[in-house]
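Protein chains in written order, with our numbering: chain A, 34 to 473; chain B, 1003 to 1285; chain C, 7 to 190.
In short, the hints are calculated from the structure, not lab data. For every residue, glycine included, the Cβ atom is placed at its ideal position computed from N, Cα and C. Among the hints, erroneous ones may be present.
Below, in silico cross-link-like pairs of lysine-lysine (DSS-like), each with a Cα-Cα straight-line distance of 30 Å or less [unchecked claim]:
#1 C/K136 x C/K152
#2 A/K313 x B/K1042
#3 B/K1065 x B/K1229
#4 A/K313 x B/K1229
Computed, partial: chain A to chain B, Cβ under 7 Å [to be verified]:
#5 F49
#6 N123
#7 A279
Computed beta-carbon distance windows for the label pairs [said to hold, decoys possible]:
#8 B/A1073 x A/I240: 21 to 27 Å
#9 A/L391 x C/I36: 48 to 54 Å
#10 B/A1130 x C/G67: 40 to 46 Å
The residues making up each chain are set out below.
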Amino acid sequence: MSGHSTYNPTSGFGKFMDERLPIARLVHDSFVSFPVPRNLNNWYTFGGILMVMLVSQIVTGIVIAMHYTPEASMAFDSVHLLRRDVSYGNVLQVWHAVGASMFFVAVYIHIFRGLYYGSYKAPREVLWILGVVIYLLMMATAFMGYVLPWGQMSYWGAQVITNFFSAIPLVGETVREYLLGGYAVGNATLNRFFSLHYLLPFMIAGIVILHVWTLHVTGQTNPTGVEVKSKQDVIPFTPYATVKDAFAMVVFMIIMCYFVFYMPDYLGHADNYIMADPLKTPAHIVPEWYFLPFYAVLRAVDFNIGIPFTDIVLIDSKLGGVLAMFGAIAVLFFVPWLDTSDVKSTNYRPTYKIFFWLFAINAVFLGYLGSRPAEGIWIPLMKASTFWYFVHFIVIMPLLGWFEKPLPRPASITDAVLAKSSGAGASQIDGAAAEPQTKG
Amino acid sequence: MKTVFTKFTSMISAVVMASGLALIGTSAASAAGYPLEKPKEQSWSFAGPFGSYDKAQLQRGLKIYTEVCAACHSMNLLSYRNLGDLGYSQAQIKNFAAEYEVTDGPNADGEMFERPAMPTDRFVGPYANENEAASANNGALPPDMSLLAKARAPERGFPTFIFDIFTMYAENGADYIYSLMTGYSDPPEGVTIGEGLHYNPYFASGNALAMASQLSDDLVEFDDGTKSTADQQARDISAFLMWAADPNLPQRKQRGFIVILFLAIFAGLLYFTKKKVWSDVAH
Amino acid sequence: MSEAHASDATRRDFLYIATGAAGAVAVGGIAWPLVSQMGPNEREQAAGAPVEIDISAVEPGMLITVIWRGAPYFVRHLTDAEVASAKDAPEGDFRDYASADSRIAAAEGTDPKWAIVSASCTHLGCVPTKVDTGLEGWLCPCHGSKFDVTGRVMKGPAPTNLPLPPFAFASEEKLVIGQDKAGA
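Required output: the full structure, derived from the provided sequences and hints.
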């Protein structure tokens, strides 16, 4: 992290440690004196919320792992022993399960905030890419975690998803067997998923450190999209952002607690209260809601891709679906370069704003389609919605950047804030200003 | 103009988020098109933010389970000691358990032996294993009942599943079991059902199920004198099964009230703290 | 002007203190379940309930080993000769003297002749083997400690006597280990 550090240890212990292992200095520079734009709105609190959710999931996960048995004949029972007989067990297990859903609620809001305010544009491309990596790791973690209770959806969801890998030409079947540790989802799969589910969150934590590190090099975006220019634009992280993030976290927790204590099963699936049965496939295999958009993309490709007017199939529908699904995630990596506009904030891009909301509504709709059976009217709808998803990234983002006429941006953050509060009579900004962090 | 647009986009964002949140409630747990009839919503003592179980009802439900259901359905996740929740004393539980035999062992001679069940034992099921249970029932395995009330949640449909968040509807399983048990009827004209199956429009996996109607007026005599109609029996067994699946429900809702009340106060304090802290800074 | 500032300051302080206190309550409320879940769960607690043992088949000179809360206990029916030699043995024979009377229990309406002691050697926890030569009751095979028929340590390295569990006789034929008074 560049810039002049303002940490000044006063106690003997503080000085001692500062000369040997300056953790206090690092914390001070990153989260106390760190300058943030003064005009950040509530959408910017979700990064902090996500960090709290990660810690919450890790802590509750470690604690419930004390009672869980990762063996196929005992896993289901152990989860219910935890819920019935362990002190606060039902709260802790439900907290972890609902917490996974809330983690994704927060991450989707965080991602959409990034898309809206151009948080992925230069110089924050690496920040964005690290974010997509975290998102991918979250999906892997959540998928493996869902298998652990060993219910019907756990088992069959795993069966379906691991079947994807057999779509890989030549080596697919071997890859699948190595992933499963057997010929079908079974005890070997459960054990290794438990091991990896325990590991991945710590990898996420590592990438989060990199994510915050690069954020602190570039600084945050802000709703105007105009970069920080002077010390009047910024305020120190503590107490301003700290208390704002704390408030947002508690509000978020209220929503989460509503589900944990009053509707613990709403976010899950009833079939997972039935123990896994390899001989009985559930009527509808559905992943958890946060995967539904990608599930719709997967099932939208129900046709083979081949050479026209011949029987030659290049990509069969199974492989096609898998490629489309991974493509829908992969396209996110390229967003910093797909969006050609120089204007960061959608507030000043009236045409793009329409497409942004269209994309958001389509994403929700795509998720809804993921929950529908792959028959009748739903199939063409899945195709249309998937098509639009890709069109937004591959066509709209580049084209609009070139052709759109944006609104005039404010000269600086300070100007924007003053313009907003000009009615209140503030003619200059005084009070808590902070040094902007500059490069070099 | 700008403020109207901002308000409009905030409204859209709120709608998108609400529907995003409701997306969460879209999972279906039933075969497509079934049940033919949605479960009849009942009022339950355990519904709502202050819901709890009616012990007298649970005791009646236990009697129905013991006398009617336990002939075919196991209750593997319950232990006899859990019956303390119903208001029974340790002595009553011990006597109740002792009526059942449990296989224990091996003893010093290496043999398995039968002994009366103790409160620490799990509920003794009617069959030794699932294969025996299925073969004794024409191949149809009577499901274990420990989690049945949570394992049956027919799709609520759009937009009901969005309203459910606000009405705190979590009794889908109980409504389903009640509707199923009281829903047997003759098949309508022209509808044929399989051999050995019984028509029931409330069944989630088809139009007929292997279990025949089980409840009838005065089938079980209730110790507390409640009139033993088939309807009452269906209500009581549904409540009992809800307890079996979720014995911690009353405690969970009480804790929820305290936690959310505390968080609301905490949020209020943080809001004013935030306002105070930011009052000297233009933003 | 300064008065307004002073009262503002008090109100602000109160707000900050109240918020901080609420934060502390939140931390406590989060920490408590995390700690509490570590305790023995209800299944363990139920399994740790007192055990009833039928002692009608245990003849004088015999002993049975029972398990309560995962640990073994000896229930030894002493012969009259063993009771007598335990009472007569001098204090000097024992490393951790206690009177024989305090260690021999009586079932309802009978003479005291039951030794009910932990089967974990007080040295390092091995289970001592039964010995039938007069005063000696147990010999620990691991390091050679010797205990008398009432479980009092005679020869080390064990430092103390085999401890007694809480127990009571529900009847002449039924012993309950795990609670002091005979109950339900």
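Hints, verified against the model:
no.	hint	in the structure
1	C/K136 x C/K152	holds (10 Å)
2	A/K313 x B/K1042	holds (28 Å)
3	B/K1065 x B/K1229	holds (14 Å)
4	A/K313 x B/K1229	violated (40 Å)
5	F49	violated (32 Å)
6	N123	holds (5 Å)
7	A279	holds (6 Å)
8	B/A1073 x A/I240: 21 to 27 Å	violated (56 Å)
9	A/L391 x C/I36: 48 to 54 Å	violated (41 Å)
10	B/A1130 x C/G67: 40 to 46 Å	holds (42 Å)
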